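Participant: If you want the building blocks of each chain, they are given just below.
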Amino acid sequence: MKKKEDPGNRRKFLKNTLALGTAAFTAGAGAVLATDGAKGKSVEKIKVLTTEGKVIEIEKPVDDCKIHPCEPPKGKEARKGIPGRSFVMVIDLARCKNARKCIEGCQKGHDLIPSQEWMKVYLMKDNPESEPYWFPKNCFHCDNPPCVKVCPVGATFKRTDNAVLVDADRCIGCKFCISACPYSARILNWTDKESYASNDPNYSPETSLPGQHGTVSKCDFCPDRAREGKLPYCATNCPMGAIYFGDKNEDAVTNGEETLRFRQLIKERTGYRFLEELGTQPNVYYLPPIDKMFPYERGFSSVSDETKEMLKKSISD
Amino acid sequence: MNSNLKAKELLEEYKPFIEKPNKLWITKALILSAIICFGIYVLILQVIEGHIITGMRDNVVWGVYIVNFVFVLGLSYAGALIAGIFHLGRVEWAKPLQRILKLITLFSLIIGPIYILLCLGRPDRLLYLFIHPRLQSPIIWDVIAIVTDMIFCIAYLYFTYIKDFALLRDNAPHLNMYNWRKRMYKFLALGYQNTPEQSKLLNQSLDIMAAIIIPTSIVAYSLLAWLFGMNLRPGWHSSIFGPFFVLSAVYSGIALLIIIMWIYRKQYKMEKTFTDNHFMYLGFSLIILSLFYGYFSFSQYITDWYNIQKTTELFWDKYLDFSQYGIIFTLSALFVVFVPLIFIGIPWFRSINSIAAVSLLVLVGLWLKRYLMIVPVLETPYIPIQDIREDWAHYSATWVEWSLSITGIALFILFFLIFSKLAPIVPVSEMAEEKGKNKLIVFYKTKRELS
Chain A
26 MKKKEDPGNR RKFLKNTLAL GTAAFTAGAG AVLATDGAKG KSVEKIKVLT
76 TEGKVIEIEK PVDDCKIHPC EPPKGKEARK GIPGRSFVMV IDLARCKNAR
126 KCIEGCQKGH DLIPSQEWMK VYLMKDNPES EPYWFPKNCF HCDNPPCVKV
176 CPVGATFKRT DNAVLVDADR CIGCKFCISA CPYSARILNW TDKESYASND
226 PNYSPETSLP GQHGTVSKCD FCPDRAREGK LPYCATNCPM GAIYFGDKNE
276 DAVTNGEETL RFRQLIKERT GYRFLEELGT QPNVYYLPPI DKMFPYERGF
326 SSVSDETKEM LKKSISD
Chain B
1131 MNSNLKAKEL LEEYKPFIEK PNKLWITKAL ILSAIICFGI YVLILQVIEG
1181 HIITGMRDNV VWGVYIVNFV FVLGLSYAGA LIAGIFHLGR VEWAKPLQRI
1231 LKLITLFSLI IGPIYILLCL GRPDRLLYLF IHPRLQSPII WDVIAIVTDM
1281 IFCIAYLYFT YIKDFALLRD NAPHLNMYNW RKRMYKFLAL GYQNTPEQSK
1331 LLNQSLDIMA AIIIPTSIVA YSLLAWLFGM NLRPGWHSSI FGPFFVLSAV
1381 YSGIALLIII MWIYRKQYKM EKTFTDNHFM YLGFSLIILS LFYGYFSFSQ
1431 YITDWYNIQK TTELFWDKYL DFSQYGIIFT LSALFVVFVP LIFIGIPWFR
1481 SINSIAAVSL LVLVGLWLKR YLMIVPVLET PYIPIQDIRE DWAHYSATWV
1531 EWSLSITGIA LFILFFLIFS KLAPIVPVSE MAEEKGKNKL IVFYKTKREL
1581 S
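Line order of the protein sequences matches chains A and B.
With positions in the first sequence counted from 1, the corresponding number in our numbering is that position plus 25.
With positions in the second sequence counted from 1, the corresponding number in our numbering is that position plus 1130.
Isolated chain B, as found in the complex (with noise of 0.2 Å):
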């Protein structure tokens, strides 16, 4: 068949990347192994010292790791999400994506809840989540949340590999690797012959779990907007929260997106899978999404100044005061809505590196954001703090923070490293198959046809 041979000249292209590892993958690896296994030690002092040892106290008590965690989160819901939608959209450009996308999404889901662990108290009691749940709260709603989402992503992207695998198995013999390797993709293919029936299940799979994924991508990181909507807190009691949760996370998400692509193809020079085209769309999306993110925040921002209560005033005074937070306020606003607009919708800036670092940019903005949003409102209660203890009133990060702050980044990149050795990095299948040949569920007509 001619998608068959034309995913076959794909994957002799890709075929360096899933290859034996060479000395240089290892030595990533091995550094990122090594700042995980720091990571892990800090973890156990933590446990043993208390949180004490963070900077975390009875007023701030959710600090770094809580806006990781939110951030993380949303973006593993923007992974979802934007793969869903171009999944459904039969986005052609958009197919050497998804698989990025779809490893954004697994990983960021496993590595964020970690962050929420390290939050606990006591995190040996873990399971009394599970054990003892209490619907009211909305701790458990993100519980469910993110169990749902992580068994619907890890479906989603194991369908999406189930081609590859088999196109892998066929492959095996031109394939320099270990056999427990050949042996593992022929277990994992499920016996999978791209028959025109196995095709067609596979590919009506794609579609139930690309529309199951994108409005529980919507539900659950709305679900987590709330743990902070759902509080009495004058900064957090806003019904704004679910929808602006929603549209940062897709911001970071394509952000993320564009720096995972600047990366590969700057490293495995992938300009023809990565094309120009690529960085463009996706920089002229990076400009509505913060056209759109601006609006919001002025939304935000207008509701609360125009009539001021008393305590939204005291945190916005700190907003604006730049003794306090006024450098990470005006770099927020900077990063997530003028340097796009300016850097990537003038012209005369925009090139594949300036998106690149751009994206870079809205990453940190957003980041600065969460930190805006947690941090200075949880030092603004009703009864304002009287403490003369600097760290008891004023919240900053202990080297504890983060350091586990970076594990999080290296346990990500050392998924990536070891899941780009697995299959390529595209969907290779995928992108072999000839366009418009994979009807939508929807337009199917009858019974009789679908079978």
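Only chain A is shown next, with the shape it has when bound in the complex (with noise of 0.2 Å):
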């Protein structure tokens, strides 16, 4: 899927960039299509040549925007995922401890409420002998979504750039995606808040906000922010830094501090992936629980009594 929508973005991509073909002195051809992009940020305003000779003003483009155009894209646009771009998430068991920073501060970024989380964080054990480890997991974005397969109007859908976003402008909340996914990574929202909206003109599938009710709603591997440069809300709020992100075309991932080569990482230090003979392969790697940082029972610290015991159960059965 993802390889066929490839060079049709690309052709895209190069037909927009010569029809407003901006003179070479602009920041980047990028630059033009956002036109209402970094919206507050700056006023400074330079012009620009198209190719039908008129002059045209156009925001200067800030500094924190890495990937043009800066503004999250809308509607159809929002499909494509930005080119050339192959995210990717590499998570290094042996670093969580389950201080929960990632879920606190996703759902902060994504108005969520307490009970929604797109990054859960849970306390596995392989087999009787082994020794339990924490295990944060989010959306694995697969390049061969079952989720996307079953959608029946096109709500959820797999972009070139590896993120499957879900479009709650079309969402009909029929769920068949939850039951598909065999990650658990989908949840709906169940009750309707102050902040949902929907139609909202300001929406868009990269941001996901605002929510809707009624609507299934995941991560959604924050590409707003890698546009601006920055790290998912999971990986910068991580006080360990276990969450790498990057790109794989890149070859690069970083948690922020320190930034590796992706396959380096994955070949050195065995990564694999989350049920991998399901064949849905997943964009989340990880990082096998080897050397711990911590003993696993830190991480009970960090929840209620009643969520410890009930995860010392789940562990024991």
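Please note: incorrect hints may appear among the correct ones.
Stated by the list, open to error - In silico DSBU-like cross-links for lysine-lysine, where the CA-CA straight-line distance does not exceed 30 Å:
id, chain 1, residue 1, chain 2, residue 2
1, B, Lys1440, A, Lys174
2, A, Lys338, B, Lys1551
3, A, Lys145, B, Lys1402
4, A, Lys150, B, Lys1440
5, B, Lys1448, A, Lys337
6, A, Lys337, B, Lys1440
7, B, Lys1440, A, Lys292
8, B, Lys1448, A, Lys333
9, B, Lys1448, A, Lys150
10, A, Lys145, B, Lys1448
11, A, Lys101, A, Lys126
12, A, Lys99, A, Lys72
13, A, Lys317, B, Lys1440
14, B, Lys1440, A, Lys333
15, B, Lys1440, A, Lys338
Simulated from the structure, these hints should not be mistaken for lab results.
These numbers were taken from a predicted model, which means no experiment stands behind them.
From these two lone chains plus the hints, build me the complex, please.
Facilitator: Below, the structure written as structure tokens:
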């Protein structure tokens, strides 16, 4: 699916670039597309020449915009993906101590209530002999996504930059994708909220904001933050630097402190993908919980006693 | 003509059922309407409050609604399938059952999709299914199947009504009913005069519709099964789902047919129409179906169990745990497989009432089986649920879901009440026809013979 869409998108991108073809002195052709980009961050305007010979005034690109256009696309544009990108995430299980900061950061950034977790942290125990470990799990943004296959209205889609997103304006809330996802990555907005709005002009599947009552939502890989050169909320909020985010094409992932070569990291640390045998081809990789930085019991300090009991029971089964 | 006279006689017999409604009928209709009105209120409540007032949560995203959906559509496809087979097979004794079967088909085909609508988080966007359909999705397969089936079923049902409408039109002066109804029959009969040419044409159409409706039902219900089978979930991802669903559907269809026959027989003293033989024949088909069902279940279970996978084992533990689904599991197996074998199979227990009671238990058992197939499997994802919120980890339907389920039953009965006034509950004209008069269309030899 990804391969098929790629050439089309590149062509479209080139076409856009040519059509609006700015003079060489502009900071980048993409900036033209960002007509109302970076709202409130810069009011400085620059003049550029179009292919038709018209001089138009556009906003000068702001410095914190790393991928142009900076403004998250809406509607059909949001289905294409950022050209040339191939987002990937690596989670180092040896570092996770269930601080739950990734969950909180994500919830804050995406206007989620405490019961809605796009990022979840499970306590896993692979076999009776092995030691339990904490397992942060978001949406895996699979290359062969079972959720996208079953969506009856095309509300969820796979992009060329690997992100699997939900268009909440399209979603009918049939929940088929929730039942189809083998990783329990999707949730429904069960209750209405004041901040929710349907068909909001500012809504973009990249930001998933504002949310909508009765529609499905899930981790969106934060492509809107990637445009600004920022890491996803979970990665920036992790105190242990367990979550690396990056680009497969650039072969680089970073947790904000260190930047590593993605392929080398996966090769040397025996990175794996969860339930590889299902053939969903996730884009989230795990580094095995070898030489854990903390004993797993430390993770219990951030949860209630009740949760602790439940978790303990869960791994003893 | 002989058959016309016979039809008149029969009509005379069934006249009381279709004439002006009596007080009892009106009371029943009012009670049912009241239930339906309450259902509409609950529905509005659900739309306003959101699905949070149901028992559905992020793990068990489909609950009783989808169980009802699967169950009711099964009845529908079964009705069509059985009616088609009886018609094409020219099964003489089954003639009086034809209309009930087709009515079951139509009503459940209307009620079933309502349940899937109840499952939608955004029912206001229902039309997106037609505006933005994606053929890859099993839900769209279902939409196509249901719409196609509905068109065929309505056409088929209507064709079978035409002769009776004509009969009612011709005998209108003797009938005690409002004039608008007499005019309606005139309109609905489409000028059918039972000329040999018209009769031949109509019979051919019926044969063609019956032949179409059989594969349509099988395909449509298999598509519904694949709604589950296509998922990567242990417990659903199985090739047996399609055939198993079709078998369960036929099973439930016959059970419901027996129950409806029993109700009519007891209430309206229709012993001559729905004879002991009908109950015996259908009772024996229940036994055969229960054996087939047992075989299918066994084959599914043994494959699951022999080399059990981790996740499969987790939901099997729930099936066998009496504090969880053990009771439902046992009851379902008992009602669907063993009760028919014992209470119909052993002559000592066999009676009209016992066959009807067994049918009811079979229906309950099949509903429970659908529940077992859906809810515990959803409660057992690949990554075990770690949640202290009880309603998040375990599904239990709320009063909202039960109310709306009962509303569906009320709607079904109300439809039956209304349609049993429209025309006799048995196809009078068809029953009056001589045996072997209408050749099956495939036995026509040449075009010349056709004309």
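Participant: The structure should be examined with respect to each hint, and the outcome stated for every one.
Facilitator: To see whether the hints hold, each was checked on the structure:
Of the pairs offered as hints, the one joining Lys1440/B and Lys174/A holds, with about 26 Å between alpha carbons and a cut-off of 30 Å not exceeded. Restraint check: the Cα-Cα separation between Lys338/A and Lys1551/B comes to about 60 Å, which exceeds 30 Å; the hinted pair is violated. A threshold of 30 Å between alpha carbons decides the hint, and for Lys145/A with Lys1402/B the separation of about 66 Å lies outside it, so the pair is violated. For the hint linking Lys150/A to Lys1440/B, the alpha-carbon distance of about 13 Å falls within 30 Å, and the restraint holds.
Proximity of Lys1448/B to Lys337/A is assessed by CA-CA distance (about 19 Å); at most 30 Å being required, the pair is judged to hold. A threshold of 30 Å between alpha carbons decides the hint, and for Lys337/A with Lys1440/B the separation of about 19 Å falls inside it, so the pair holds. With a C-alpha separation of about 29 Å, the suggested pair Lys1440/B and Lys292/A falls inside the 30 Å cut-off, and the hint holds. Using a Cα cut-off of 30 Å, the hinted pair Lys1448/B and Lys333/A holds, with the two alpha carbons roughly 23 Å apart.
At roughly 20 Å between alpha-carbon atoms, Lys1448/B and Lys150/A fall within 30 Å of each other, so this suggested pair holds. Between Lys145/A and Lys1448/B the CA atoms are separated by roughly 24 Å; this keeps the pair inside 30 Å, and the hint holds. This hinted pair does not check out: Lys101/A and Lys126/A have alpha carbons roughly 33 Å apart, beyond 30 Å. Between Lys99/A and Lys72/A, the direct Cα distance comes to roughly 26 Å. Compliance with the 30 Å bound is thereby established for this hinted pair.
Between Lys317/A and Lys1440/B, the direct Cα distance comes to roughly 26 Å. Compliance with the 30 Å bound is thereby established for this hinted pair. Distance hint between Lys1440/B and Lys333/A is fulfilled; the C-alpha atoms sit about 24 Å from each other, no more than 30 Å. Among the hinted pairs, Lys1440/B with Lys338/A is consistent with the structure: their alpha-carbon atoms are about 17 Å apart, no more than 30 Å.
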